Amino acid sequence: MATHDTDVQISICGSAGDGTIAAGDLLKQAMAHAGYRVIAFNTYPAEIRGFGKCIARTRISTEQVYSMKPRSDVLISLNDAHAIPHVGEVRDYGSVIYESAPITRLAEGQHISGHVRPGQLPYGLPLRELSERATGSNRSRNMVALGFLAGLYAMPREVFHAAIKAKFKTKPKAVSEATIAAFEAGLEVGAQTHRFDLVELGEPPESLPGNVQILSGNAAVAKGCIEGGLDNYFGYPITPATTIMERLAHDLPVHGKRMLQTEDEIAAISGAVGAGFAGARAATATSGPGLALMGEMLGLGVMAEVPCVIFVSQRGGPSTGLPTKTEQSDLNIAVHGGAGDAKRIVLAPTNVEGCWRCAGKAFEMAEAYQTPVIVLLDLYLSNRFESVNFDPDENFNLSIPRGKPKHRPGESFRRYQVTDSGVSPRSVPGEADGLHPATGLEHDEFGHPSYEADVHTAMSKKRHDKLNKALKHPAITISKRFGDTGKVDVGILAWGSTFGEGLEAMMLARKEGIRCAAMKVVMLSPLPEAEISAFMDDCDEVLVPELNFEGQFANLVSGTLGRPLHRLNEVTGHPMSVSAILDQVRALAAHNARNAA
Amino acid sequence: MSTPLHYVIIGNGMAGNAAAAVLREHDPECRITIISAGALLFYNRYDLPNVFRGTESWVDLLVHPPEYYERNRITVRRKSPVIDVDSKRQVLVLAHREELHYDRLLLATGGEPYLPEKLKDSRPLMHNFGTYRAAMTMRAALPDGGRVAMLGGDVMGLDLARALIETGHQVSVVTDERTFWPHEVDDQERPRYYEALERMGIEVRDQGEVDRIVEGAAGMPARHITFACGEDLYADVVMPFFGIAPNVDFMSNSGADMERGILVDGHLKSSSENIWAAGDVSQIWSPKSKSYRFYYGYRNVRRMGETAALNMCGEAVEFDTNDDDVIEIDEAGRIQSPFWEHD
Amino acid sequence: MQAELKEPVYLEDKLKEVRSSGRLDYRSEVLPTWCPGCGYFSIAEGIAEALTALKIPQKDAVVVSGIGCASRFPFFMETYGFHTLHGRALPVATGIKLANDDLHVLVVGGDGDCFAIGGGHIPHAARRNVDLTYLLFDNGIYGLTKGQTSPTSSVGFTTKTTPFHNHDQPLNPLLMLLSYGASWVGQAYAGRPHHLAEMIRQAMAHRGFSYLHILSPCVTFDKTDLTYKNMDLLVRDLPENYDPSDHRAAMQWAAKAGHEHPSLGLFFSEEHPTLSDNMNDIVARATA
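Residue numbers (this note's numbering), protein chains in the order written: chain H, 1 to 597; chain R, 1 to 343; chain U, 1 to 288.
Any given hint might turn out to be false.
According to the in silico footprint, chain R covers these stretches of chain H (three or more CB under 8 Å from chain R) [to be verified]:
#1 100–107
#2 187–201
#3 486–493
Label pairs and their calculated CB-CB ranges [to be verified]:
#4 H/Thr419 x U/Thr227: 19 to 27 Å
#5 H/Asp264 x U/Asp281: 19 to 27 Å
#6 H/Lys472 x U/Cys35: 48 to 56 Å
#7 H/Thr419 x U/Pro57: 24 to 32 Å
#8 U/Glu17 x H/Glu246: 53 to 61 Å
#9 U/Asp281 x H/His456: 42 to 50 Å
#10 U/Asp243 x H/Thr419: 38 to 46 Å
#11 H/Ser137 x R/Asp84: 24 to 32 Å
#12 H/Asp264 x U/Phe164: 31 to 39 Å
#13 R/Ala217 x H/Thr170: 30 to 38 Å
A few chain R positions that, by computed beta-carbon distances, are all more than 12 Å from chain H [claimed, not checked]:
#14 Glu25
#15 Phe42
#16 Arg260
None of these hints come from the bench; they were simulated from the model. Everything numeric in this text was worked out from a predicted model, so none of it was measured. Note that CB positions come from ideal geometry on N, CA and C, so glycine has one too.
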């Protein structure tokens, strides 16, 4: 990496009450506004309250990056008991920052300085004392530590001040002043501390153009929903999708729209289907267990050709599973769930910006193809923060013209008319001349129940054919290839957040001389068969890394295309590591070379 | 299975690290903790003049890479000054209030540069060289081709002087009874040695007492030394090289006998139970001279560490050195000191 | 209870009256699939009469159903309709109403659809006062699947799934809906079609969540319990001096009601803000 490139990951570890997450939030806001690219992920205690461990990790870089690093460059300990198990996470010649003056005597091993690895550099300072001197209480130790970090690495103090003021703008001025005082107390010490570590924080790149915000995946979803014209949201709390609902509970009414927390997931999807039937843009968000409950109603949406959007943030499964761990094991039910041949559109963004784009486009696509659209995220993506450039996108909130209800005198409206494209004219309640029943039974063009062989065949074909147009829907990337063009040794075919790790592995592999390319697949249903096939044509070996046990996406691809591929499956509850993918790529390339020799 | 012994070594220099290596070799199961007040792993102080020969980073100075300590399971606690030793309970207290129990303790804290009383006020205007940080600071303060005034001129200073002259800088040595420390050069021999220094390219200022050291005026070198005799010396950097004084502040509670350093027998054992000492901090009983004496120099310090470790493991090994601490002038007229050989 | 003897009614006159009333507009050309004699025919008539009387445009009416014999309703009405899933009519109807306050939403369902699988949704639609009309066709049985016990079946009722005996205590729907805070609760009987039509009209006219419990015999699968013969003898009106604004009295009457002594009429009615009103209130607070 060139010497001016910055790629520093800072971990702050403490107890739930130490302001660990708050410090991480200020750090990422400050760095994003200083012009760095930022990607951040927090881990929270499994239990809600009390003394659980939190870790706020923030990766700051000049070049675009796509994942968190398995090793951090700096660890700040706000609570040694929690941080000690994570000391090994810091790389050689990285820094460990900690409290140098605990108030009680400690037995051997209770202070983190005794666990600092030989290759790491220790920096202790009296956090509590500095906090008390600056603010009169010890509650600002986190700010002192943050200031020390800023002083040690010569970070611009103004962006921190601005972030602190923005955070406390609804509180009395004394609060932000005290916080800044604690920050400055730490900064002064940091600036005067001689630095022995080899962590380099260079200048930020040229300011990113446009409107840069640092958002989590869920927040980006909510933003995309508002900009995509969401009218009605129905939701039920479930980790890790709950914050989508909470944001919309605030943002929708502010925009004059409506949000309802329902009694269960079935009511939530039912409300969305009802509102969609009535002509509104409607959505809900859930996780795997909720999606399982929604299966029947999803099928009704498909059969009755009602538009609605379902955001699903995957977590560890099966069943209640691991609610606070990430996984990618709901592809099967997202693509196939529900009774019968109930094909629908499924999108899976790969990063925070993608969450925003897919959310915005989902409503448009639901209406264009008159079908439920599932947007599949995962816990890691939902909770990951990234700095994103939100240029206004005029392609959102397209109002799809509905086919004008054709009224043939004496005849009812043909809501389910079989057309070339498969898309029928659509009327909604309140429109004259468009009366029709919608039903979950198989039906004729008027919507009346019919079980005739030719009717079921024609309607099944219509419902499947119309989705193929989604493959060409404008202004959305459904798949994309990166890296070497033409023939390659190894191709990485990935989806969801794992694509980020795959992309970084590809870059490293190319640096080692392996011809390597990566393809992200965003539309999982219908599957972009032509693009994936063309990609596989170019690859001697194809690797499909994903966070589920058997390879759900691998099954989908190989089942549809019938071509060989290699699987890399992990169910650790954590994002896949770049090195795990890279090791596989190397092995495949070597195997390939041996066979060619 | 018995609990492994915990060997604690205070001091992260040559003596301490040599001891740790021997301890690990002899007792694969034991716990070994080295405690250091500094931030860095062991680097050879004697190699610091290499900052003038291209060394840019302390990483290049390390004697062992980090993974050596991981492989040998030697814990190196840094930034952990010891504030108390309770030899009865066999407990150390670190500055951050952590208490460590030891089964065997080795004191290898080395020494600080000695500064005569009369120069203490001038300390802020002087540069040291004994640590990486001091060396880098001094290097930054010295312009290309600049002049260093070395007060005293012990062998470490003279070693640095060689590097400075080699790289185009200028050196003046302001002589004192401690010039050539730890070697003792009697008055009759001195002129010959001063001539040898001059042949090395060093300017020898044998002009008696220093009166004052002040900042230089604008446009002049950064430091101005005036002698009691009225002479002046202008230099960019002034450095004290008066030898070393042992680091023993925290040992007041230890019960170990001390003089200037920790007094130890021929097995490097102190008068306190389970406490040994090695390196610049130790004064070893010499039956020959019937006194406790210091041994300096890279090889001696290493041997002391190794010997102490063997004794801590239960062997009975006398400290023995062939290294004469004799300074000589060779046939070519160059000064040779065993302290300049560090391999 | 006996109707007074009236003038004879001639078929041609009746046809003329029906055709000119306009209420046939609300009936589609699809013939109902119910068994002859099913109480649902009366209900269909009653709904058409109510829509006519209230002058609700067809395009603004949405009939929402679940699964069951009652669920076929949307196909027999010339309005918008949504034949949804077993037990899920209410939450879908809530979504429809939230999307467009101007729609008149009519939810129909049977006792199994509403109180078995759908039981979890009723309290919330009721307590939120969603402005829709819920017509509950209670025949004490699962008719579409050909005769199984339902949550309102009597103790002792034998069916294909309780061939020896039914021990389960039946639910008391009126008591439940009152306790859920429904703002309009009434009961009618398919054997009294004129009263039924009037109750439907009142239910639809009410602004808020209206629940009309309609006793409707299943002539095919229940020959012993909820039959016209038994009901004709058992049903009675609520007393003359009954005060439908008294919630406690309503609950006491409802406790006494049930299949043994069903009372017909308006049990309870009051006005309070609907879900749409409350949604508008939230927007007002959010944009203040």
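Using the beta carbons of R/Ala217 and H/Thr170, state whether their distance is inside 30 to 38 Å or not. violated, 58 Å
Please test the hint of 48 to 56 Å on the beta carbon pair from H/Lys472 and U/Cys35. 51 Å Cβ-Cβ, so the 48 to 56 Å window holds.
When you take the CB atoms of U/Asp243 and H/Thr419, is the distance between them in 38 to 46 Å? Given range 38 to 46 Å: violated, Cβ gap about 58 Å.
Lying within 24 to 32 Å: is that true of the beta-carbon distance H/Thr419 to U/Pro57? holds, 29 Å
Satisfaction of the hinted span 19 to 27 Å by the C-beta atoms belonging to H/Asp264 and U/Asp281: For U/Asp281 against H/Asp264, whose Cβ atoms are near 25 Å apart, the range 19 to 27 Å holds.
Closest CB-CB distance from R/Arg260 to chain H, is it above 12 Å? Holds, since 30 Å exceeds 12 Å.
Using the C-beta atoms of U/Asp281 and H/His456, is the stated range 42 to 50 Å upheld? With a Cβ separation near 47 Å, U/Asp281 and H/His456 satisfy 42 to 50 Å, so the hint holds.
Does the region 100–107 of chain H contain three or more residues whose Cβ lies closer than 8 Å to a Cβ of chain R? holds (count 7)
Within 19 to 27 Å or not, the Cβ separation of H/Thr419 and U/Thr227? violated, 50 Å
Quick check for students: does the CB of R/Phe42 sit more than 12 Å from each CB in chain H? It is violated; R/Phe42 is separated from chain H by about 10 Å at its closest Cβ, not greater than 12 Å.
Verdict on chain R covering the region 187–201 of chain H, where coverage means 3 or more residues with a C-beta closer than 8 Å: Answer holds; 3 residues pass the 8 Å Cβ test.
Distance restraint evaluation - H/Ser137, R/Asp84, Cβ atoms, bounds 24 to 32 Å: holds, 31 Å
When held up to the earlier numbered hints, the structure conflicts with 3, 4, 10, 13 and 15 and fits the remainder.
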